[in-house]
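Order-wise, the sequence lines are chains F and A.
Sequential numbering of the first sequence, starting at 1, is according to the working numbering.
Sequential numbering of the second sequence, starting at 369, is according to the working numbering.
Be aware that one or more of the hints could be misleading.
[As the list claims (entries may be wrong)] Here's a subset of chain F near chain A, in silico, CB distances under 8 angstroms, partners left out:
#, residue
1, L4
2, Y27
3, H32
4, L242
5, S244
6, V273
7, A277
8, C303
9, T320
It is worth saying that the hints were derived from the structure and are not from the lab.
Every residue gets a Cβ at the ideal spot worked out from N, C-alpha and C, and that includes glycine.
Protein chains: 2
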Amino acid sequence: MALLSLSRRLRRTPFTDGVEAAGVKAYTVYNHMLLPTVFRSVEEDYAHLKSAVQVWDVSCERQVELRGPDTGRLMQMLTPRDLSRMQPGQCFYLPMVDETGGMLNDPVAVKLEEDRYWISIADSDVLYWVKGVANGYRLDVMVEEPDVSPLAVQGPRSDDLMARVFGEDVRDIRFFRYKRLEFQGRSLVVARSGYSKQGGFEIYVEGGDIGMPLWNALFEAGRDLDVHAGCPNLIERIESGLLSYGNDMTRDNTPHECGLGRFCDTRSAIGCVGRDALLRVAKDGPVQQIRPISVEGAPVPGCTGPWPIMVGQRQVGQVTSAAWSPDFETNVAIGMVKMTHWDPFTDVDVVLPGGDVRAAVVYGVFWN
Amino acid sequence: MALLSLSRRLRRTPFTDGVEAAGVKAYTVYNHMLLPTVFRSVEEDYAHLKSAVQVWDVSCERQVELRGPDTGRLMQMLTPRDLSRMQPGQCFYLPMVDETGGMLNDPVAVKLEEDRYWISIADSDVLYWVKGVANGYRLDVMVEEPDVSPLAVQGPRSDDLMARVFGEDVRDIRFFRYKRLEFQGRSLVVARSGYSKQGGFEIYVEGGDIGMPLWNALFEAGRDLDVHAGCPNLIERIESGLLSYGNDMTRDNTPHECGLGRFCDTRSAIGCVGRDALLRVAKDGPVQQIRPISVEGAPVPGCTGPWPIMVGQRQVGQVTSAAWSPDFETNVAIGMVKMTHWDPFTDVDVVLPGGDVRAAVVYGVFWN
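Assemble the whole structure, with the sequences as input and the hints as a guide.
Encoded structure:
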């Protein structure tokens, strides 16, 4: 950990007052905005997330809104995933690529109407890319960052808490679908989604003015459910194989390297600007790919730079996220591994700041 | 201040090892990278910067490289400043705008060759905008982030320190010009520029491998000059009227509002994508503009959100950066003020978290 100097440039959110009152211990910066990382401790937050329910300020998942007659065409230019059958009410996880097939972001797209989408983004200025493409191709689309700040409710008791605030209808929302539900007379998009595998929802809070009223209503309603303020949890997300843009993948990587080949419909995603490059990748296959890795020994320190993965004197990959898992009683990690060594049970060494430790590519997809 | 959780996504730089060894006390995050903010204290760093010489890790001023036959055309599309007479060897400060004339960044462009530039950026993903425009207009340009990390040498003794490492030629570099000078057999762009008004240079360190050798060479050579590790200083940059993108200006603002109208050659900057919008602004004039503001009373806390500027019950602007100035014995601030109240000596109130304080629009441009 280090100290962070605050300034207007690191934007506060509609929920920051609540986050501070709840005793936030640390932040990261994400899309020029404050994102909490710890409340009690990473381990306590982890155990609580897996057993109860948490409210997360994920306002930093900024929205890029596309609206206008050319919206459908522009959306398909941004991703190799085939959007032709996407309907209003659906959310799609999308690899977003540049003309070389390099990952620019891995957002969730929310289709609001036939010609209107929100793109709920990971940590890079997608607005700039979309505006540039729209302008260059002279498309008739408005591209803006609206006043929408997602608030996540995550954990096994999410349905109960949400039903108390939004009504029983919330229980019927299917995974990666949304409904419009009322809060204080405002119709909000409520999706069954979120950056954990413990179940839950994301509320797209439209209008910062109702941020704190909604925050307070959730805590008020959830007292007997042991609701706590929380945040994306490093341990849980590694166990669950949830990738982090900027950590586990960058512009250097194709979706196929990131294990996102199943979202690349390169034959039907007509118009994707990275399509030619990805057709080549799809044909040849990637030469490295993201893998779950278990690292032996004592709890590892925070992974602040890639840790080389070695076999003898030869580097065969790198670890990009790692944490001690209390439940699995080992260090869980995510890394990019060359095809020569990506098979399950392959023994490797990982070069930590303090010295080499034994590790292995894990069998199966991820722990959760 | 808050605690910052470190991860690979908040990139370390080629100089971070040196920064840590020099006792960095806090960071901010800038272009997904660590930027030091304090070494001894903001006040001590300030006094030292104005009297001696400092070495700054400003790697976070990432470069966007443009290369290829359509480079000149693309460069002019990005800015309303007329680039037609820019020569290799020159650096230009550029407002960069979108199609509505909104500020996307305020970088320094470095012309390397007729068809090759670096754009040294403030805190937003300019790479995404430039790639989008280049792709949309089907321009024949390579757009990349090269392995180039600026290291600044700032303060009144900069010339002496730099001459010891790069030779006497460095003294002849004119303001916003650069020369190619040798370090360990590598030819580096060395410009007379930097984010202070205390004089100095920026070394565009090409190749992270020579980062620490250069860092060490500068400290070795400057022992008797009282060289210290430093960083952009909040107090000094406000006194000097150096604006900060994301703090003092955002996409909501035109260059004219930011006092950058002199860089808008809207009649000759043929091809700038924001030209039509800015012709309108140039004709009508802005209705608000950035002003230096002095705030009375005790030292203000850090400005983490805009502070409203009031006259009676009416909001006439907002303060976006502020700090106590030991030299001027008042709080110096930067704010956006409506035209009805932007004249020098206008008395206003500023709404701080702790209550209202008296303030005034300052006569003259800025303190320094």
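Hint-by-hint comparison with the structure:
no., hint, result
1, L4, "holds (4 angstroms)"
2, Y27, "holds (5 angstroms)"
3, H32, "holds (6 angstroms)"
4, L242, "violated (14 angstroms)"
5, S244, "holds (7 angstroms)"
6, V273, "holds (6 angstroms)"
7, A277, "violated (12 angstroms)"
8, C303, "holds (6 angstroms)"
9, T320, "holds (5 angstroms)"
In summary, the numbered hints that this structure violates are 4 and 7.
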